[in-house]
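Following the hints, position chain B against chain A.
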Amino acid sequence: MSALALTLDQVRYVNKAYWRNPARAFFTFAFPLMFLFIFTSLLGSGTVHIGSLAVKQSTYYVAAMASFGVITACFNNIALAMTYGRDTGILKRLNGTPLPAACFLASRVIHSLLVAVLLVVLTAAFGHIAYGAELPRGVMLLRFLVMLVVGAGTFCALGLAITAVIPNADAAAPIVNFAMMPVLFLSGIFIAFGNGTPGWVLWVARVFPVRHFALGMQAGLVGTPFHWTDVLVVAAWGLAGLVLALRFFSWEPRR
Amino acid sequence: MAAIAGLEIASPEPVEEAAPAISVCGLRKAYGGVEAVRGIDLEIAVGEVFALLGPNGAGKTTTVEILEGYRSRDEGEVRVLGFDPASERSRLKPLLGIVLQSTGVEPYLTVAETLRMYASFYPRPRTVEEVIDLVGLQAKRDERVVRLSGGQQRRLELAIAFVGDPDLLFLDEPTTGFDPSARRETWDAIKNLASLGKTIVLTTHFMDEAQYLADRVVVMAAGGVVAEGAPSTLGFRERARARVRYRLTPGSEAPPLEFGAPDAAGFVEARVDDPVVALHELTEWAIKRGAPLEGLEVTRPSLEDVYLALTNGPQAGSDAP
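For the protein sequence lines, the chains are A and B, in the order given.
Under our numbering, the final residue of the first sequence carries the number 1437; numbering is consecutive throughout.
Under our numbering, the final residue of the second sequence carries the number 595; numbering is consecutive throughout.
The following block holds chain A by itself, in its conformation from the complex (with noise of 0.2 angstroms):
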């Protein structure tokens, strides 16, 4: 079999596999439009000023929660499922055979991008009918279809480096949202930004990449200004990602 159809295939089962786990397909689905309904019903009625666009509160909500799922999907699923396989032992055997390591990793890769897709789908279709959100169209598609799958890759391969800190399986959960957490609060994307934000939450929002993935959803999904300098700064996270990953990683239990 060639290494593309390898790695097809390999997605093809690890698909499988993760859809006959229900509580974590259930969850990494469940946790965004939940979160969305309960941030709306909280704080719906509210307008959050984006520049000079005033935009509904419950629309700014579509899209952080479309990237909040983007990045659930990706990093922590990542995360864990490879934690969990290099516990095991799943990762250890797999070294064992000749696939191809490169199929491996673009195989759940692949996988946690389609999961991605499908969640902003849902989430944005969600919250179209629901909340009135803006779907993107146009040369607009293009560009929010282009900040996903940059952003998703990136993500991915954030999880993949942060493996490299995971000492066991248990630790996993923990250390994952420890790390993904305070990046996520102070982003903006669980409360917006508004006049008083302080700088230096500005400043920690501008140097990691969760702010400026959820600007480009937010141009896709709220209709307010792309920039490309968005995607540079989320490729740059993700390449940086994927050095470490590459270097780090490890198909055995770390002892």
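One thing to keep in mind: the hints can contain errors.
Quick list of the computed label-pair ranges, beta carbon to beta carbon [unchecked claim]:
(1) A1207(A) <-> R302(B): 35 to 43 angstroms
(2) A1351(A) <-> A319(B): 36 to 44 angstroms
(3) L1190(A) <-> G300(B): 43 to 51 angstroms
(4) M1216(A) <-> R302(B): 54 to 62 angstroms
(5) D416(B) <-> W1382(A): 51 to 59 angstroms
Covered stretches of chain A (chain B as the covering partner; in silico rule of three or more C-beta atoms under 8 angstroms from a C-beta of chain B) [as the list claims (entries may be wrong)]:
(6) 1184-1195
(7) 1268-1274
No lab work stands behind these hints: they were computed from the structure.
For every residue, glycine included, the Cβ atom is placed at its ideal position computed from N, Cα and C.
This is chain B only, laid out in the frame that chain A set:
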């Protein structure tokens, strides 16, 4: 061949046929200054079922994982099917089947799906149905891995290792932690694989496992080889003195053999060079006097005894034959 044999001066075996499946010379490996493997030599023939036997920490797994290509070595020559597992691992991988000591299998795929997936990695795999039959998992074909028992999962691992139709199979402690029936099931599956003429390298700390499965055994202790041979001759077992044992009945007179003092249950024991002669003397004596030789038995030291003697204490590692 016979027709042209006369034209040849000599017809030695072709060199390729004589080449061993595995040859190891002066292998050393240390972890953080502690030597796990201290210069061992091994040669394993094609088609042989070979057991590496020893207690935990003897260096078996380190040795096997170096042969499989998982670990680097510090020193020594290693050839596996003609390749160096450290530098030619990708060429070696399609030829190997590996059952690691404790590894998981994707829990949410079925037995057949798992095997089909692993088969797709290899250039000339066996059919999924064939390997399922071989390890006796027909009834569990469409069961998810997560629902298999320990023994069934281990047999699935054997099937995974075998589905690529490897020339060489590594089984690292295939039955550790199993109940007796699961062990027996796994043994039968291994026997089936061996009957197909594959070279099998097995590590175990169970004597009976080595005895049941292996053609040849190497005993390791403290990172070195302490003994080598067929299970029946290991540690010169076939030349060891036999033990004759029976229970003295109260008031019986002294038998003709040199028995020691009776133990708590009244059993006496003698070590003899030739049990045939000794038994003849003893039974003749007993028949003449009408003395009952209660619980009479004649035994060689068990493989277990030999193994314990060989692996007992670090001094066994240094000056073995």
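Results for each hint:
Separated by about 48 angstroms at the C-beta atoms, A1207(A) and R302(B) break the suggested range of 35 to 43 angstroms. A hinted range of 36 to 44 angstroms for the beta carbons of A1351(A) and A319(B) is consistent with their spacing of about 41 angstroms. Taking the beta carbon of each, L1190(A) and G300(B) are about 45 angstroms apart, inside 43 to 51 angstroms as hinted. Take M1216(A) and R302(B): their Cβ atoms lie about 57 angstroms apart, and the range 54 to 62 angstroms holds.
At roughly 57 angstroms, the beta carbons of D416(B) and W1382(A) sit within the given window of 51 to 59 angstroms. Only when three residues or more bring their CB closer than 8 angstroms to a CB of chain B does the claim for the region 1184-1195 of chain A stand; here the count is 4, and the claim holds. Counting residues of the region 1268-1274 of chain A whose beta carbon lies closer than 8 angstroms to any beta carbon of chain B gives 4, which meets the minimum of three for the stated coverage.
Consistency with the previously given hints fails for number 1 only.
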